[in-house]
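Since the structure of chain A is already known, use the hints to place chain D on it.
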Amino acid sequence: MSRRLKLGAQLLALGCVAGLLALLVWKLAHQEHAPKVGTIAPVFTLRRLEGAGKVSLASLRGKPVVLNFWASWCIPCKSEAVVLERDWARYKGRGVVFLGVDDKDFASDARRFVAAHGLTFTMLEDGSGSVTGRYGVAQVPETYVLNRQGRIVAHLAGPLTYPRFAGEFRQAIAKAEAA
Amino acid sequence: MIARLLAVVAAALVLAAPAAAAGCARPRTSLAYLEGQVMCPICHTTLNQSDSAAAVQIENVIRAKIAKCWTAQQIETLLVANYGPAILAAPPHKGFDLLAWWLPIAGVLGGALVLAAGVWRWSRGREPEPAAGGSGLDEETERRLDEALARFE
Chain A
1 MSRRLKLGAQ LLALGCVAGL LALLVWKLAH QEHAPKVGTI APVFTLRRLE GAGKVSLASL
61 RGKPVVLNFW ASWCIPCKSE AVVLERDWAR YKGRGVVFLG VDDKDFASDA RRFVAAHGLT
121 FTMLEDGSGS VTGRYGVAQV PETYVLNRQG RIVAHLAGPL TYPRFAGEFR QAIAKAEAA
Chain D
1 MIARLLAVVA AALVLAAPAA AAGCARPRTS LAYLEGQVMC PICHTTLNQS DSAAAVQIEN
61 VIRAKIAKCW TAQQIETLLV ANYGPAILAA PPHKGFDLLA WWLPIAGVLG GALVLAAGVW
121 RWSRGREPEP AAGGSGLDEE TERRLDEALA RFE
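Sequence lines, in order, name chains A and D.
Here the first sequence stands for residues 1 to 179, where the numbers follow the numbering used here.
Here the second sequence stands for residues 1 to 153, where the numbers follow the numbering used here.
Just chain A, with the same shape it has in the complex:
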């Protein structure tokens, strides 16, 4: 093999390795992680699950927000739905906003779920899971509590039916209302 051909092959191989390395770095840099408590929650605009129109998280600045990620196929979400609706009834008079984000789901199944569990707080569609991804939700249900400035005061990764979450959830709302 001539020197030039050998050099060309070596450069090509080096280029391929560099390309793969760049791809790996890009993938690592763009990996989605759960936003940390104390940081501003990623803003989004999603379509309402029922009825027309969209809801923007940014438009809710000034109000404490409970952001719950769920899906109709999720088993723990069924028991959690009861807890959420009860808490919504308790806090809505105090100006706390509850938002349910339906993740990687069929809207028709989600609507059936909402009707079956008598959920009355605002439900949003995230069929592709793009918002869920930005919140680093690994497995639904997960709940974020945001204060009036849109800053995360708590991240509860799991159903709110967990005994330890009951106290944490109330404390988080109190903290969100105070800020």
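Think of the hints as simulated: they come from the structure by calculation, not from any bench.
Keep in mind it's a predicted model, so treat the numbers as computed, not measured.
Be aware that a few hints might be false.
Calculated from the model, a selection of chain A residues having no Cβ within reach of chain D, i.e. all distances over 10 Å [said to hold, decoys possible]:
#, residue
1, LEU5
2, VAL37
3, THR45
4, GLY51
5, VAL65
6, LYS92
7, GLY95
8, LYS104
9, GLY129
10, THR161
If the Cβ cut is set under 10 Å, some of the chain D residues that face chain A in the computed set are [said to hold, decoys possible]:
#, residue
11, ALA86
12, ALA89
13, LEU109
14, GLY110
15, ARG121
Partial list, derived from the structure: chain D residues whose beta carbon lies under 8 Å from chain A [said to hold, decoys possible]:
#, residue
16, ILE42
17, CYS43
18, ALA53
19, GLN57
20, ASN82
21, GLY84
22, ALA112
23, VAL114
24, ALA116
25, ALA117
26, LEU145
Just so you know, even glycine gets a beta-carbon here, dropped at the ideal spot from N, CA and C.
Same frame as chain A, but now just chain D:
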């Protein structure tokens, strides 16, 4: 007149009901095929490798659509509209995703070209075989060798 019309409509409904209940007589795709084409959105494997609740839900939707004579393309379009393009196991044949289809082919072709060029160079660079029957020595060396051998005879 109205009574006769109502009777005709009622008869049509009675006849149509079993056909509708029977579903699609000749399905245009199969669950087995689509299970290999569609990803489970939470486990990142194809549906046939997952038994998660999300995968089961999608399988149920696929079954229902197959029973309504939907094609694989129609079902995939519905799933993409709901979950986004990542729901399909194979990347789309357009835009940036085309790279995923063409890069492996380009890689194989490039590798074959480099290999072919290497083999060609290698075969050209080899020494020619000595002529059959010849000793491969020049005349002077051959003469001296003969003289030396003659001394031993």
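* Any of the earlier hints contradicted here, and which numbers? -> 1, 8, 9, 12, 13, 17, 22, 24, 26
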